[in-house]
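These protein sequences, in sequence, are chains A and B.
Going by my numbering, the final residue of the first sequence carries number 271, and the count climbs one at a time with no gaps.
Going by my numbering, the final residue of the second sequence carries number 271, and the count climbs one at a time with no gaps.
It cannot be assumed that every hint is accurate.
Pairs count within a copy or across copies, as identical chains cannot be separated in the list.
To be verified - Here are the simulated lysine to aspartate or glutamate pairs, DMTMM-like style, with alpha carbons at most 20 Å apart:
#, residue 1, residue 2
1, Lys157, Glu97
2, Lys48, Glu149
3, Lys130, Glu120
4, Lys157, Asp207
5, Lys85, Glu120
6, Lys237, Asp251
Quick caveat, the hints were computed from the structure, so don't treat them as lab data.
Protein chains: 2
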Amino acid sequence: MKALIKISYLGTDYCGYQVQPNGVSIQQKLNEAARAVFGFDCDIVGCSRTDSGVHANAFCATVAKKGQSNLPTAIPAERLPLAMSAYLPQDICVFAADWVEDGFHARYDVKEKEYIYRFYNRTVRSPFEENRSAHIPKPISDDALQEMNRASAKLCGTHDFAAYMAQGSSVKSTVRTVTRCDVRREGDVIIFRISANGFLYNMVRILAGTLLAVGQGKLRADDIDKITESRDRTLAGSTMPACGLYLNRVIY
Amino acid sequence: MKALIKISYLGTDYCGYQVQPNGVSIQQKLNEAARAVFGFDCDIVGCSRTDSGVHANAFCATVAKKGQSNLPTAIPAERLPLAMSAYLPQDICVFAADWVEDGFHARYDVKEKEYIYRFYNRTVRSPFEENRSAHIPKPISDDALQEMNRASAKLCGTHDFAAYMAQGSSVKSTVRTVTRCDVRREGDVIIFRISANGFLYNMVRILAGTLLAVGQGKLRADDIDKITESRDRTLAGSTMPACGLYLNRVIY
Numbered sequence: 020m021k022a023l024i025k026i027s028y029l030g031t032d033y034c035g036y037q038v039q040p041n042g043v044s045i046q047q048k049l050n051e052a053a054r055a056v057f058g059f060d061c062d063i064v065g066c067s068r069t070d071s072g073v074h075a076n077a078f079c080a081t082v083a084k085k086g087q088s089n090l091p092t093a094i095p096a097e098r099l100p101l102a103m104s105a106y107l108p109q110d111i112c113v114f115a116a117d118w119v120e121d122g123f124h125a126r127y128d129v130k131e132k133e134y135i136y137r138f139y140n141r142t143v144r145s146p147f148e149e150n151r152s153a154h155i156p157k158p159i160s161d162d163a164l165q166e167m168n169r170a171s172a173k174l175c176g177t178h179d180f181a182a183y184m185a186q187g188s189s190v191k192s193t194v195r196t197v198t199r200c201d202v203r204r205e206g207d208v209i210i211f212r213i214s215a216n217g218f219l220y221n222m223v224r225i226l227a228g229t230l231l232a233v234g235q236g237k238l239r240a241d242d243i244d245k246i247t248e249s250r251d252r253t254l255a256g257s258t259m260p261a262c263g264l265y266l267n268r269v270i271y
Numbered sequence: 020m021k022a023l024i025k026i027s028y029l030g031t032d033y034c035g036y037q038v039q040p041n042g043v044s045i046q047q048k049l050n051e052a053a054r055a056v057f058g059f060d061c062d063i064v065g066c067s068r069t070d071s072g073v074h075a076n077a078f079c080a081t082v083a084k085k086g087q088s089n090l091p092t093a094i095p096a097e098r099l100p101l102a103m104s105a106y107l108p109q110d111i112c113v114f115a116a117d118w119v120e121d122g123f124h125a126r127y128d129v130k131e132k133e134y135i136y137r138f139y140n141r142t143v144r145s146p147f148e149e150n151r152s153a154h155i156p157k158p159i160s161d162d163a164l165q166e167m168n169r170a171s172a173k174l175c176g177t178h179d180f181a182a183y184m185a186q187g188s189s190v191k192s193t194v195r196t197v198t199r200c201d202v203r204r205e206g207d208v209i210i211f212r213i214s215a216n217g218f219l220y221n222m223v224r225i226l227a228g229t230l231l232a233v234g235q236g237k238l239r240a241d242d243i244d245k246i247t248e249s250r251d252r253t254l255a256g257s258t259m260p261a262c263g264l265y266l267n268r269v270i271y
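Isolated chain A, as found in the complex (with noise of 0.2 Å):
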């Protein structure tokens, strides 16, 4: 058995979730703090790779020893999050932890990831949101919210997201299957909320700046079939900020 550990993080200071040659990840700090507890080396898998900037609620990454698939301890998993956290800096945390068979893979396994996106939408900027969401000074009025909904149902099912992935990445194959898709407005901030089996290289930004440019006037519901038809990046928004962005659940 080893341990799946589910962890939060604020991204800010972070070059990412994986371990980079240049700029601190989340992945060498939990590192640190798992070689700390255990006593020994440890490989920790997460569940995919966020970029710099980009925050989690509930990351979830497998523990075990160095080349090994099983995690030789006699911590219960209850106490797995207090005791990985003591080591970690005050912008991440585990919060909860249980075992899994070895043979469980934290990122093939997934069958859902869900995405959250937040704008903060007032004219003057908050000092409590600073590098927590994307600031949109101009008032998005209730009926372009709808518009925004209507956009984004439209993303909902199985699709060719080519359109919303960066340029010059390459996968096998651009096809997703969105579950849920929608965007709902809580006091200043209107968060975008996306679940799917699967991402595409920068799909949410994109998807969040196509969103927005339909919020915005620039694009009209009825356009997002033929952009994501068009397989052309070019027709969809831009690529929104990582700091609004937050890994938020992710279902195995």
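With chain A's structure known, arrange chain B on it following the hints.
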């Protein structure tokens, strides 16, 4: 006429609202922004003096030309928030502004102020709550929350709050009128809210500590009256850390 501005700030990196010989204050940053916007030195009078690390959702202050009781400018009030915010660091912003009479005083004319105190109540801390709440790992049950609310109710009305004032402070009267006082849960956060015609030094942080002691079963709601009557600081709860405190609203 002078300007009455509404400000929000994350107080973490400041020595408090008021200019201090050592440390950077909110007021200093406002002074710098006002000079940049209006082209002359200004007198900025705040509605209160928040301590180091305390935040504000809606702090109020007046802006007048230095040594005068008015603000000679052609900038319309509705432009002031963006104009001043442009010269403020990311953790401070002006989000509203209006004109008030020369004789208006930002501190003496306050009719009522509202503070909130945020407790983060989950076993493991949250990266998103660092410096924004007090972390209370042990769960506070709904019954305990109700008991906290019974205690809050006993604080409403006109009382001598000497028991809830930092020792060593000197004021003419320790009598204040609390117009609203309650505790509610929002997800993992417990929010204590209190409105009054005035507050003694550290009063909200000491009341927060006293209500927390009730929530943790160290005190009962029925103890509140005798603590208040005692005027004895040592009978009340501990002073909670500044990072959970927010000036939430000011009424003139």
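Go through the copies and call it for Lys85 and Glu120: within, between, both or neither, with a Cα cutoff of 20 Å. So Lys85 and Glu120 pass the 20 Å test inside one copy only (16 Å; across, 71 Å).
Should Lys237 paired with Asp251 be assigned to within, between, both, or neither, using CA atoms and 20 Å as the limit? within (17 Å within a copy, 64 Å between copies)
For Lys157 vs Glu97, is the C-alpha pair at or below 20 Å within one copy, between two copies, both, or neither? Classified as between; 15 Å across copies, 46 Å inside a copy.
At most 20 Å between C-alpha atoms: does Lys130 with Glu120 qualify within a copy, between copies, both, or neither? within (17 Å within a copy, 63 Å between copies)
I want to check one pair: Lys157 and Asp207. Are their C-alpha atoms no more than 20 Å apart within a copy, between two copies, both, or neither? Result: close within a single copy only, 12 Å intra versus 31 Å inter.
Between copies, within a copy, both or neither: which fits Lys48 and Glu149 at Cα up to 20 Å? So Lys48 and Glu149 pass the 20 Å test across copies only (17 Å; inside, 23 Å).
Checked against the numbered hints given earlier, this structure breaks none of them.
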